[in-house]
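Participant: Protein sequence lines correspond, in order, to chains C and L. Per this note's numbering, the first sequence starts with residue 1, numbered consecutively. Per this note's numbering, the second sequence starts with residue 1, numbered consecutively.
Think of the hints as simulated: they come from the structure by calculation, not from any bench. Check each hint, because a few of them may be wrong.
Copies of the same chain are indistinguishable here, so a pair counts whether it falls within one copy or spans any two.
Derived DSSO-like pairs: lysine-lysine, alpha-carbon spacing no greater than 27 Å straight-line [claimed, not checked]:
#1 K129 <-> K82
#2 K114 <-> K54
#3 K82 <-> K54
#4 K49 <-> K160
Protein chains: 2
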Amino acid sequence: MHISYNEIHQAIADCVEGKDVYESFKPTLIIAIGSGGFIPARMLRTFLKAKCGKSLPIQTIGLVLYDDNLDKYDPDTAVVRKTQWLNYSHGEGTGISLQGHNILIVDEVDDTRKTLSYAVAELTKDAEKQRHEYEARRKEGEPEWQQPKLGVFVVHNKIKDKKGSLPADVLESRYFKCMDVPDNWIVYPWDALDIETHQQRADERRAGERAAKKAKVDGDQ
Amino acid sequence: MHISYNEIHQAIADCVEGKDVYESFKPTLIIAIGSGGFIPARMLRTFLKAKCGKSLPIQTIGLVLYDDNLDKYDPDTAVVRKTQWLNYSHGEGTGISLQGHNILIVDEVDDTRKTLSYAVAELTKDAEKQRHEYEARRKEGEPEWQQPKLGVFVVHNKIKDKKGSLPADVLESRYFKCMDVPDNWIVYPWDALDIETHQQRADERRAGERAAKKAKVDGDQ
């Protein structure tokens with residue numbers, strides 16, 4: 001299925017509004033999973049800014065699904081590898097602490113869920129390490145560690161058996177998807193070599209969906 | 001001026017094709033300046049992939065123009081600050097070396113040039129540091145340090161006095177801009193709260209530009 005930029009932009013707007021992403025989770029930090037999450041994360045920031053009045057910081061992490069057998073990519077055996085990660089060290093002015101943040105992890109698609117599962121697990125480990133370090137140096141009277149919360153935001157969730165898992169509390173209350181889709185190939189606009197043809201196909205798909213919906217409504221009456 | 005996603009996508013395609021971005025520079029690494037460069041960088045990768053047959057890695061750096069006087073943002077006094085940077089340390093599997101890379105730094109706009117100037121200067125310093133470290137540990141017979149090359153890619157270059165500068169060799173042969181624009185406010189699609197209205201305005205602007213161009217051609221004849 002071909003999907004246009006404007007459709008994705010609108011789907012994110014509708015999700016933020018319809019699913020109370022800001023009101024229910026109050027994100028304070030966006031983490032975009034590169035490269036699929038770059039574009040949705042930047043779009044999302046606009047709609048969160050409309051809610052909270054400020055541009056949330058976006059940090060990025062680079063993750064690739066990597067298969068040692070390069071001839072045949074197999075989602076069952078593929079493993080996730082980091083290509084870029086957050087900097088937690090204080091020295092260089094770019095070090096961040098996860099403490100107290102409500103972190104919204106953004107990707108374009110929840111496919112096998114391996115990448116999201118890995119991102120959440122790694123960030124959870126990092127937070128735990130930071131908590132230990134904080135508590136080791138915390139003096140009496142200083143505030144207690146504030147546990148960060150992790151949430152997930154995706155444009156598309158593919159309906160399929162997932163190879164990766166997410167913590168129950170994330171899935172139950174902090175997992176935001178713009179839409180569920182069947183397990184078909186999604187053609188994102190940023191991969192289009194010819195954006196005019198891509199747009200036409202996206203428009204045709206939408207027209208077909210509308211006609212099918214109308215036919216169903218008419219048939220139900 | 002309002003500009004649509006598809007226009008930006010097409011402008012990047014045209015620039016890669018018309019200005020021989022791949023053929024003349026052979027980029028091996030994309031560095032997106034966040035957050036403005038996230039979307040153009042991801043679009044750009046598609047057109048470079050069509051040239052070289054593989055998805056170039058995208059690393060991101062976060063830069064903000066920051067003014068201590070928060071009431072009144074002044075481009076003359078604003079300074080650039082890092083919010084995220086590259087990781088060069090080897091320990092965690094995400095450390096990268098700049099050595100030998102042709103690095104294309106991507107942002108949406110060359111406005112005051114302060115941000116681009118800062119990015120190029122910092123990466124040049126980092127490369128110099130890596131060169132020193134490499135040469136200090138290089139044993140006889142091992143290959144010599146390969147100097148990385150830096151290039152710049154922007155969607156829009158605003159015609160104005162620039163507050164920041166770029167090295168002459170970058171400006172002369174490795175500075176790629178999709179288009180020059182007057183120093184007016186550019187409304188990017190990712191900032192649109194209402195994408196339909198935004199698209200209409202972008203379409204009207206384009207129609208106006210086409211009409212003006214046609215009138216000029218007719219007048220010249």
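Participant: Run the structure past the numbered hints and jot down the numbers of the failing ones, going up.
Facilitator: 4
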